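Asks: The lines below spell out each chain.
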Amino acid sequence: MRDGKKELRIGLVLTGIILGLALLSLFYTPYNYNAMDKTARSLAPSLKHLFGTDSYGRDIFSRAIFGSRYTLLVALSTVGSCTVIASVLGLVSGYVGGLPDEIIMRIIDAISSFPDILIALMVVTVLNLGQFTIVVALCITFVPSFTRIVRTATLQYKNAEFVKNLRVFGVSDLRILLVHIFPNTFPLLLSTIVIGLSNAILAEAAMSYLGLGIQPPIPSWGRMLQEAQTIVYTAPWAAVCPGIMIVVTIVGLNCIGEGLRKLYL
Amino acid sequence: MKYFLRKTLILVLTVFLISVLTFIAFHIIPGDPAGLILGTNATEEQLEALREQLGTNRPLSEQYTSWISGFVKGDFGTSIRYRMPVSELLKGRLPVTLALGLISLVIILLFGIPLGILAARKRGTWVESVIHFLTILGISVPNFFLCILLMWIFGMVLHFFTPGEYISYTKNLPGFFRSLFWPALSIAIPQTAILTKYIRTAMLEELDEDYVRTARGKGAGETWILYLHVLKNAIVAVVPLIGMIVASVLSGSIIIEQVYGIPGMGKLLIGAVTSRDFPLTQTLVIYITVLIVITNFLVDIAIQLIDPRIRLGGKS
Amino acid sequence: MEKNKISTRDILRVEHVNNYYSKGGLGILKKAERNQVLHDVSLTIGNDEFFGLVGESGCGKSTLANAILGLIPFEGTIEVAGHRHRDTDRKEFTRHIQAVFQDPLSALNPRKTIGETMREPLRAHNVGTRQEQEQMAARMLETVGLDASYADRYPRELSGGQRQRVCIGAALMLQPELIIADEAVSALDVSVGSQILNLFNTIDVERDFSMLFISHNLNVVYYLCDRIAVMYKGYIVEQGTADAVYNHSGHPYTRLLLSAIPDMEEANDREKELLEKFKDPVPGACVYYHRCPYANAHCHKKPDLVNIAAKGEPEHLVRCCMPTLFDPESLAEPAHLPGASLRKEPL
Amino acid sequence: MSGNILQIRDLTLSVSERDGSMATAVDHISFDVREGEILGIVGESGCGKSLTVMALMGLLRDDVKATDGQILFQGEDLLKISPLRRREISGKDMSIIYQEPMTSLNPLIRIEKQVAEPLRLHGKVSKEEMHKKALDLLTEVGIQDPEACLKAYPHQLSGGMRQRVMIAMASICSPRILLADEPTTALDVTTQAHVLDLLKRINREYGTTIVFISHDLGVINRICDRVIVMYAGRIVETGTCRDILDAPCHEYTRGLIRSIPTRDRKGEELPCIPGRVPSVEDPKEPCPFAPRCLRALEICHKEAPACVRIDEDHTACCHLC
Amino acid sequence: MKKKILAMLITAVMAVSLAACGGGGGNGTESDTFIYGMAGEITDFDPFSSGGTANSRYVTFNIFEGLVKVSTDGTVKPAVAQNVDVNEDATVYTFTLRDGIKFHNGSEVTMDDVLYSVQKAVDGGLTGYDEIASFEATDDKTLVVTLSRTDAGFLDYFTQAIIPAGSDDNGEMLLAPIGTGPYMFGEYEVAQQVTLKKFDEYWGEGGSIGEIVVKFLSDQNAQLTSFQSGAIDGFGGYGEMGEQINEENATITQTLSNMSQVLALNNAVKPFDDVRVRQAVALAVDSHDVLDTINYGIGQVVGSPVPPALTKYYMPELEDQYAKDNDAALALLKDAGYPDGFTFTVRVPSNYPVHVHCAEKIVSQLAEVGIDMKIEQVDFGTWYEKVYKGRDYEATMISVDGSTISPTAFLARYVSDSKSNFMNFSSAAYDEAYAKALNATDEASQIEAFKAVQQILADECPGVFIEDIGSLTVYTKQFEGYNSYPLTAMDFTAVHKAE
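Chains A, B, C, D and E are the protein sequences, given in the same order. According to my numbering, the first sequence is numbered sequentially starting from -5. According to my numbering, the second sequence is numbered sequentially starting from 3. According to my numbering, the third sequence is numbered sequentially starting from 65. According to my numbering, the fourth sequence is numbered sequentially starting from 2. According to my numbering, the fifth sequence is numbered sequentially starting from -12.
So here's chain A without its partners, still in its complex pose (with noise of 0.2 Å):
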């Protein structure tokens, strides 16, 4: 069985070729990511289009790596605004416990069995702030899970010995929590951070599916995906190309997360 280095070395190669796609974007990108030409309609992949063109002529590769951006952006902010609003909850109903602890937890148990859409759809319309609303919906629908991971956490540290050698020293409860117990947890956040980026992308292609990811004309993986739905039979590359970046990207997060885990638990 690959020790945890060999996996991360993998995940790290693969996720850093979407990070340099990524990055390209940023100066170079073959041709505007929206610009369509009539004449090169659905044409196949080729040296001059590298993944083909869509049915409007407009260049797949560009507009993946175009779209990469604003994707990896609505998943490293969806988890990092995630990770800290979960961290607060976990680590307060894990050493707390009791009665705020019952509560937190009910109502983390009633978001996470509630339908994403619809908690997509009430944040879509209540605020709008552009690409950003679904990071708010994927914060929404991610929070549970990750409360419970920081939870679980929280609970196996707070009875460990050296929790109760400070509390003897008469270090402050909220010292304890923040200086000394947060920081063990970190391993395991690191894993779940990487497994929640992972998620994280396909939340947003799945609802960019349902026309409330990232709003047009930015590409979006899950969009170009729905899109090429509609041409799949005469231009399958067009359905092909988003989702391998979506597989690659994720294939590579998963190997990171899965190093990580081996290496440091």
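Treat the hints as calculated values from the structure; they're not laboratory data. Treat the numbers as computed from the prediction; the structure is a model and nothing was measured. Treat the hints with care, since some could be wrong.
[Unchecked claim] Short derived list, chain A residues pointing at chain C, Cβ under 8 Å:
no., residue
1, P24
2, Y27
3, D110
4, K158
5, L160
6, R161
7, V162
8, V165
9, H174
10, P177
11, N178
Cβ atoms here follow ideal geometry from the backbone N, Cα and C, with glycine treated the same way.
Please build the complex by placing chains B, C, D and E on the supplied structure of chain A, with the hints as guidance.
Replies: Chains B, C, D and E in isolation, oriented as in the chain A frame:
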């Protein structure tokens, strides 16, 4: 017995919390059901008449209280969009989603568990690396991309099935299951990968436990240990995750039903939400949540049955 | 190096402490059964005195330690250097009492360096500036026999014995009047454990502090402590000077402990029969009734502590319906005790 | 000298480190186990005593390899035999009990099935017979209510009872040799005394040879006939209990005995061994104890000490003996 | 043990393959059924409420018939009424009932049924019925309707369905419609499909296919997938879908969707309150480029809300009033005070992918003149509430269809005080011209008046009228025949087996 009492109390509490959340959601999302039915050309009088008829001109809180009182008595109200009792609508839909869920669950368990065991048994060999790679791949593929692939390859090219064709169970049962098989597969593949991964990790962790060392000391072979000792402990470790897998199967079915055009509760939910059909959405959300919470309930009971430490409590 | 210890004032006073813990309670739904752990425990420790507490696992010695440290609720009064839990806030209380726990590995935060952990108590009570704290930590490392450079190391880089020294150093940072050592040497190899015992003695010479030394090993307690109490199932069954309890133990359970501890003497007869006779427990009887080889009709009531020391001698309490004086050498028939009721005649 | 049931010749065990290199944890140790005796192996944590016993049972972890030496048992070298043959011996002719009774039993399976498992593994035995044998064994090891215990699950038993179940499990096929890896360390002192008596009784009544591992010289003295003192993967002294305790020759053994707080040393400064046990990665010294030995000579740092026979049954590997 | 796992795996693989290959071959079209795939859902069939929406007309158009009926050339011809005559100032309309015409339930149509239906329309407040002063049956064969004012185009409103008397007192019509049309209502599987049966005793020449199944599909992708796999025999969609069908095994009929797509600008919101800015946007948008790129040229560029199907009123000259001219646009922007352009957001309903794609095309066109258009997709419910009724938007893209074939259905919206004037367009000149057109007595003057109205609208340019998106009706090779009407409707009588 006290344990179940507490669990049912939590069930009711969670479901109530969900219905309040749905109420708030509908409070916030704009949209007038009557307008959506009559379209842009309707005159004001027509809209007023329809709102009166549907009862959507009453304040939302009143609609909610009337719906709740009805719900408690078992009457789920009439759907605004389809103008027929919600319970009748669900009668046709629940079996479809349940069947879809069941088939995908069967696939998940039928493939997930043996693959997980095989990966654990053949740890260190190429078999485990292949399975490991497949699981990572399985987890990474978005399920609607999977749908497109399945529909294109197996539907169009190989003609294994006719995408978009749904045979109702009232007409012919085998046809019904056949038309549900492929959507179930697209839900099942990512979840199977997850289950395989969890079972493999659980079994590897159990293999490091002391009781395995004791068993080896007795002269038990690897396979004997794997099936008689480790498997049972791994199952106990994995059972709680089954609850999570069922939850994602249910939420996954919402999009899959939309893509394959399967008339299940998921497709109905999307329709209900976009057409602001408050009673129908409320009931559907409750149904789906109750399904999820009941699964967790069953999972808890399953754990009780398998794990004597919980069933029999502390030292005698 | 016989320490001439004279206790002038009481550092720790524990009076009639009872403690209950509820098991299997489900909040409001199900009434939790209340199991009593500590039964009317009272003991006092003078200043600059090492007090040993011995008992097998589950006898409540750690519960008592936690109660004294204020980590768990209890009934009865506990006073540390004149401070009671209820009226002093937790932080002020911790200035007077510190603790050293059994497993050195889990007693130190793996993610913090030794220096940071040692400075925690000072930071909590904001004693001195950061540099001063670092110097105090460095000096303390030396006093506990470690090089000052260990301050930047992480716990996992140290051996069990070194980690325990760090814990002791940390406990002494605030110069507490009382230290509770809960099985401080049990997890260590014998040779490393003895280094720690030596450390306790050397530190005791430099600064006077009292210690409640908890262990399941009567030999170690006898070696280190001035007075010893033996606990069994939440009761203190015997309490007195180390010599009295160890060499002239008055309670069958203490005798059992003494005979059970494997030592290196030439066992006179290989088959030294253990002083135990199992029988069905009698409700309301002495807590040790079902194992006591000498139990008889007298023992059907709950005994309380009786002082069997001769006049003028320091107090030697035994919780037994028939307190007798055993000569540890001869395991034969117990000798009479002047003034105590003779065992033979039924009362 | 009754026949030797087990001969270990130049056994060397190496642990593969993270960076791939192999560090020797047990360095060419040789000793014999005589039929019917209780042989003690004493040493501080990290001296390789557990690894040695694991090697005897063929239960070495994946990252530990036996790189040299032989283990002769009933005419076979246990390091060379096929895994199948190895499994036939384990549990039938040679069995083992461990230190942690709390985790050594499968929490989900009733006691009866686990105790009777060796019977099922090593021979066709009917269900009733298995039940009866298990019942006898449990009574034999001194469990008050064996019938209820058979039906119970591990978490329902106390530490002491579980260790007795382990002993019953290990001796149900009446093995010729029983390895015990610190079986009483986790127990209370009174329970420990009972378990030690039990082991002695099994040795006396059934003639089972026992290899008893401990870090506590007191326990060794109470149960063992002969004892081997190990330090940093090497045997430093072998002899009868009395020889080792009354007239220890090797400086390490003496240091060990001196540092025990016995009755007569109350309050005195306990002489103890300076420094700390070398870890597996540290470079190998000719005499591993030399750096910490107070009476170390020049030669100790240069040449590996030969094992000298001091008395009829007492050898020590030190230049001074 | 090993065997146990292998056995489990083998049974699993067998179960999979067994279930998989059983599914070959869709349900080949039996002899006399035509399955039509529709993107969307019909939830009820009441002609007096939702029956009028575009979606449900696929079915209600074939079930119900009014006193008069729309014909393919955009004019109205008698149906339930035998003939109609109108007095010279178009204030009194007299209908004579056709004899021998039957309802689906077999009963003959009587004057009571007609009176009941008209009364229901008046009570329901349907468009146009507020103009009726009174109506009564002079005898059991003739109905006289007098209007409160002259309206030459009033006949278009009488295409409203005629239903049996008392048949819809408490909404039975919703799920069990009875009319006089060529097809009867068969069975309805909620949100799944509805089946229509051929009405043999239909007075006119009915359809040739015995059974029509209208299947409700979620979106255009589902339509394409089902058509390719043979699950449906025909469907209606946009231009871009035509590319996906290969010509050999399908007959494609190209028609117009009879609604004009508009980039509506909220005239009440800066900067669109300034007509010069609106004209600049119109100039910057190149309708031809949008039509050719997004809809593969299928459809027609328009310059006014009135679609080309209304041949009499359509004005082709408006198509190029705002032909692409960046310089003119920049000039207009400069003197409107926006020399380097501005930014605005277009809110597009997400369930119409064609509008979203057109918006993406327009983004690059507007960028050429420095206008930065952001797109925001909203679900239809939110669009209807916030944009259409709440008028809380800067710009939106939608195709607005007319409920009847009269020009008023397309132009009434732009009168200042009209309830459905969601663009907040107000121009006195337009109101006055529109009122004049309404009162035009004879048809010639009405046409001329309505053209003047459209010219004013084009000049004031409330929004950019882009194109009438072409729609395709695609059948499998076995079927052909399609009647196109000036409003979105599906006439199944036209469908027949190909020779």
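Asks: Grab the minimum C-beta distance from H174(A) to chain C and call the hint holds if it beats 8 Å, violated otherwise.
Replies: Cβ of H174(A) sits 5 Å from chain C, so the hint holds.
Asks: May I ask you to test the interface hint for D110(A) with respect to chain C, counting a Cβ-Cβ separation under 8 Å as satisfied?
Replies: With Cβ-Cβ at 32 Å, over 8 Å, it is violated.
Asks: Quick check on R161(A) please, does its C-beta sit within 8 Å of some C-beta on chain C?
Replies: Constraint on R161(A) satisfied, holds at 7 Å.
Asks: So, P177(A) near chain C? Judge it on the closest CB pair being under 8 Å.
Replies: Nearest chain C Cβ about 5 Å off; hint holds.
Asks: Given a cut of 8 Å on the nearest C-beta pair, is the interface hint for Y27(A) held or broken against chain C?
Replies: violated (45 Å)
Asks: Is the interface hint for N178(A) satisfied, with its Cβ closer than 8 Å to some Cβ of chain C?
Replies: holds (6 Å)
Asks: Given V165(A) as an interface hint, is the shortest Cβ-Cβ distance to chain C below 8 Å?
Replies: holds (5 Å)
Asks: Does P24(A) hold up as a contact with chain C if the rule is Cβ-Cβ below 8 Å?
Replies: Since the shortest Cβ distance to chain C is 48 Å, the answer is violated.
Asks: Have a go at the K158(A) hint: is there a Cβ in chain C nearer than 8 Å to its own Cβ?
Replies: holds (7 Å)
Asks: Hey, does the L160(A) contact hint survive, CB to chain C under 8 Å?
Replies: holds (6 Å)
Asks: Holds or violated: the hint that V162(A) contacts chain C, with Cβ atoms closer than 8 Å.
Replies: Because about 5 Å separates V162(A) from the closest Cβ in chain C, which is inside the 8 Å limit, the hint holds.
Of the numbered hints listed earlier, those contradicted by the structure are 1, 2, 3.
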